[in-house]
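Enquirer: For the sequence shown, my numbering assigns the number 98 to the last residue and increments by one with no breaks.
The set of hints was computed from the structure by calculation and includes no laboratory data. The beta-carbon is built from N, C-alpha and C at its ideal position, and this holds for glycine as well. There may be inaccurate statements among the hints.
Claimed, not checked - Each computed DSSO-like pair below joins lysine-lysine, with the alpha-carbon atoms no more than 27 Å apart:
# : residue 1 : residue 2
1 : Lys98     : Lys85
2 : Lys63     : Lys85
3 : Lys98     : Lys63
4 : Lys85     : Lys64
5 : Lys98     : Lys64
As the list claims (entries may be wrong) - Beta-carbon label-pair distances, calculated as ranges:
# : residue 1 : residue 2 : range
6 : Gly36     : Gln67     : 12 to 22 Å
7 : Gly72     : Gln39     : 29 to 39 Å
8 : Leu4      : Lys98     : 37 to 47 Å
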Amino acid sequence: MLAAQAEGGVIITIEGIGTRDNPHPIQQAFVDEGVVQCGFCIPGMILAAKNLLDNNLNPTKKEIQMALDGNLCRCTGYSGQIKAVLTAAAIMRGEK
Numbered sequence: 003m004l005a006a007q008a009e010g011g012v013i014i015t016i017e018g019i020g021t022r023d024n025p026h027p028i029q030q031a032f033v034d035e036g037v038v039q040c041g042f043c044i045p046g047m048i049l050a051a052k053n054l055l056d057n058n059l060n061p062t063k064k065e066i067q068m069a070l071d072g073n074l075c076r077c078t079g080y081s082g083q084i085k086a087v088l089t090a091a092a093i094m095r096g097e098k
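Model the full structure from these sequences, guided by the hints.
Expert: Right under this line is the structure:
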């Protein structure tokens, strides 16, 4: 999306969802599941996961795959990220 297309909208960056001392549950789940390696893809993955979980706290693995589809990871593959999103969803539902 071009910046001009976002005019009038709300833009949330990775810095806007948590802090080092108080990370968002999705950020913490990515750390806990060990999928944060080089860090290049993580902001996009976390924001895509946040968008998904803001609208669906009980996603299927397929829905998570689709939500993360535009993000490329060269370090870990994607199974860890999918597990991290499932973990975050459980936390956000109050199950963990």
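Enquirer: So, for every hint listed, does it hold in this structure?
Expert: Results for each hint:
| no. | hint | in the structure |
| --- | --- | --- |
| 1 | Lys98 / Lys85 | 14 Å, holds |
| 2 | Lys63 / Lys85 | 9 Å, holds |
| 3 | Lys98 / Lys63 | 19 Å, holds |
| 4 | Lys85 / Lys64 | 12 Å, holds |
| 5 | Lys98 / Lys64 | 22 Å, holds |
| 6 | Gly36 / Gln67: 12 to 22 Å | 19 Å, holds |
| 7 | Gly72 / Gln39: 29 to 39 Å | 19 Å, violated |
| 8 | Leu4 / Lys98: 37 to 47 Å | 39 Å, holds |
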